[in-house]
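Visitor: Based on the hints, put chain F in the right spot on chain G.
In case you want the letters, here they are:
Number of protein chains: 2
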Amino acid sequence: MPSTVTPAGSSTIATNLPARLVAELQAVLGPRGWSMEQDVLAKHNREARNKFTGMAELVLYPANTGEVAQCARLCHEAGIALVPQGGNTGRCGGAVADPGQILINLARMDKILETDARDFTMTVQAGAILHHIQQAAEDHDLLFPLSLGAQGSCQIGGNIATNAGGLNVIRYGNTRDLVLGLEVVLADGTVWNGLSKLRKDNTGYDLRDMFIGAEGTLGIITACTLKLFPRPRHLATAWVALPGIEAALDLLALARRETGDAIAAFELMSQFAQDLCISHIQNCITPLETRAPWYAMIEITSSRPRDDLASVLEGVLERALEGGFILDGTIAQSEKQRANLWAIREGIPEAQTLEGGSIKHDVSVPVSAVPALIEQGIKQAQKRIPGIRPCPFGHVGDGNIHFNFSQPENMPKAEFLAHWEDLNRDIHDIVAGLGGSISAEHGIGRLKVDELVHYADPAKIKLLAAIKQALDPQNTLNPGKVINHK
Amino acid sequence: MPSTVTPAGSSTIATNLPARLVAELQAVLGPRGWSMEQDVLAKHNREARNKFTGMAELVLYPANTGEVAQCARLCHEAGIALVPQGGNTGRCGGAVADPGQILINLARMDKILETDARDFTMTVQAGAILHHIQQAAEDHDLLFPLSLGAQGSCQIGGNIATNAGGLNVIRYGNTRDLVLGLEVVLADGTVWNGLSKLRKDNTGYDLRDMFIGAEGTLGIITACTLKLFPRPRHLATAWVALPGIEAALDLLALARRETGDAIAAFELMSQFAQDLCISHIQNCITPLETRAPWYAMIEITSSRPRDDLASVLEGVLERALEGGFILDGTIAQSEKQRANLWAIREGIPEAQTLEGGSIKHDVSVPVSAVPALIEQGIKQAQKRIPGIRPCPFGHVGDGNIHFNFSQPENMPKAEFLAHWEDLNRDIHDIVAGLGGSISAEHGIGRLKVDELVHYADPAKIKLLAAIKQALDPQNTLNPGKVINHK
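Those protein sequence lines, which keep their order, are chains G and F. Going left to right, the first sequence walks through residues 1 to 486 as full-length UniProt numbering numbers them. Going left to right, the second sequence walks through residues 1 to 486 as full-length UniProt numbering numbers them.
Just chain G, with the same shape it has in the complex (with noise of 0.2 Å):
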């Protein structure tokens, strides 16, 4: 029944969802909980890396959770679909709203309702915004240690929908890691209050990790109450050359024994990567003189009042080099310096990007795995587009390469680009091959709800369907992500 519907401030818009619906949702919210706004929905309406196009006609601002309850009931008794989004900073399309279907944003319940230096928990509103969790926590010489890129405008209620990773996952864990208590409002708006603080609970199925990860399929998440840690007050940082890949993960292993489990990063990249952001990020200088196939850096963390990381660290190069694990290293001595390898690290995307065209892939392997995939993702590559410039790097503590390619040096970007979804069938089947993942930190969304049904488990297939069943059995809660129902 397509209506025309006059909101406040705007002019008429035509839009195709049932009036009464409309209505009723504009005067639950209030003028100030919605836009039909062409410029305000073109906003929500695009994805990070334009893949998908959204087609929402309206977006909801509930203020609170009695509001999203609201919104949610409305909807199901209509029989309109719900997509919910964070700060939409996702690579998936998992908030990307068809025709017809309607975007609920939680960007106005961005509220931290409560931090317990005691508890070392935080209980915060799902659209709270990463960095500002993260400011809230060293407020109280705390840390909320969830840091990825999009921290400054992706809001929490979205990682833990996505159960995000990011770079200090080896040391506290994927977001999953670090939630202890969600509320959750329901399909038929029904609220499920888990908002809890408890460390130990064993009354009953999982219901909270349920959620997680569940991408606004099975419920909107309104709130959560997230661990917090001491806070670092020492680190020391290494950049090492080394051998081979077998030997990062030797290195990694020593490492992890001999700093105590101290690690909060360790990552990996190629030769070709280091180089390539040398090249083109500005004010990078080349860490190490001794050229490798490949380097890592290694920062490790300690919140001890007085605790010698430096010479921690270098207790573990000596017996790297001992072992033959490393073939050169060294340490941090200034900020100015760990800056620099930051920078190194974090520059590769860009330095990517400058360099021409990518293709990319957000996969994982057991650790122990990772050598066989980089070998076999390479050979493979290079059978496929000779000359292909492979740049792998990432988090190989947790077995998560961003296992990137760069267009040879003489081919057309496009030409290079047509290759993305056989290169990525490719690599898929490898890391299929090895037990990996083949979404490691991005989730399914829209983009992979095919690729998960051919690499899944048909009996794991079947769960995830009967889990969608039980709970959204009218198929209204963020449609056709993670997994097609009906």
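A few of these clues could be false.
Same chains, same label: a pair holds when it works inside one copy or across any pair of copies.
What the hints assert, rightly or not - Listed below are the simulated EDC-like cross-link pairs for lysine to aspartate or glutamate, each with C-alpha atoms no more than 16 Å apart in a straight line:
1) K227 with D177
2) K460 with D188
3) K383 with D426
4) K462 with D188
5) K413 with D275
6) K360 with D457
7) K51 with E421
8) K383 with D328
9) K360 with E350
10) K486 with D39
11) K43 with E415
12) K379 with D422
13) K486 with E322
The hints are simulated quantities; they were obtained by calculation from the structure and are not laboratory data.
Guide: Chain F alone, transformed into the frame defined by chain G:
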């Protein structure tokens, strides 16, 4: 259809199980794979605390996952319930069979399939004994940190099915946090192969955590991949006298920060609990002359090659003295002194038994609410039973207090124990008011099914039922545990 079957090496036994099903199961499993002998069944039908008596007439001992799957399929087709059982050390009747139900015990599936020192993982069959897993990790100079009283006989499958807690949770988390992957046989005999070693995997809903803690009501865990950690090379252990229970929380927060989160155990006990143990358990020596209402034991560990943990812990105690969080403290100077401290902590339950009747609770609250729980709980208990002697102790860092009470000195034991349910209700009411859990470590089993319904958010109960219905619509997997279905 009652039947008479003749098990190998046993006399003829009448059973109410369908004869055809029994014959089919026997054919699948072979002569070593089942028993109907009374003395064998008696062992499996006995429950740790004698609160429940199982009535199984048949116990199955499958040799591999394929056999488990066939058993599940046959029982599913016949509409006969399967009750999974591990080491049968649970406290809540979770592995107890009703008449007409069949026990399935995984004792024969006890192999350690693989240990990978570079992945820091171990893959084992679900029937592996926890202590054997700990030892196998040690053989690789690694640690599997799950540690609890029953470790000599409990099976890892049962630990996972109940999300067991124990002593090291403050550092390494609950069993849930120690599992990377699972293999599970579903109600209809389908095998879900989720035996992953991945540290990052965002491909759909979190099936792993749904099965963990589900107490065998959603599937039968047949194998798992576990996380291992560097084995500690150093430790330091302190005993401190506390002016009050609030001080324990200040000390805990201080120690988390100043040890660099190296706390392996932080155990609180009342003066009564300490003294009871020292008076009843042979060779236990008073660690501190200072009399105080509360004592705590702190143990910190490190895998660094050199780490002066005694100095680290001394620093913590100095700052705690300055802050007024402790009255006195001592650090164990020898393994003998350390053993004495652990003997006191671990001797409390036995000392309570020697002292007479005890009423116990397995509860948790937010760490910051522990003082309120203790204060309100003691007041209420003394009101109900004048002269009752509170004996609280346990994992304060997890908010998990073993809130035990010893009988008044001059009350007959039976008269005291008759108050069990009333006192449970009192304490559980207080726990619920503080946002706590009525089952911190032991699960729901059969014991707390009604209690869970009484205290839980109705939305939660509906979700649990929806999940059970989705995964086990015929209710043939451990029916009547966790949730009463149909």
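Visitor: Of the numbered hints stated previously, which ones are contradicted by the structure, given in increasing order?
Guide: The structure conflicts with hints 5, 6, 8, 10, 11 and 13, although it agrees with all the remaining ones.
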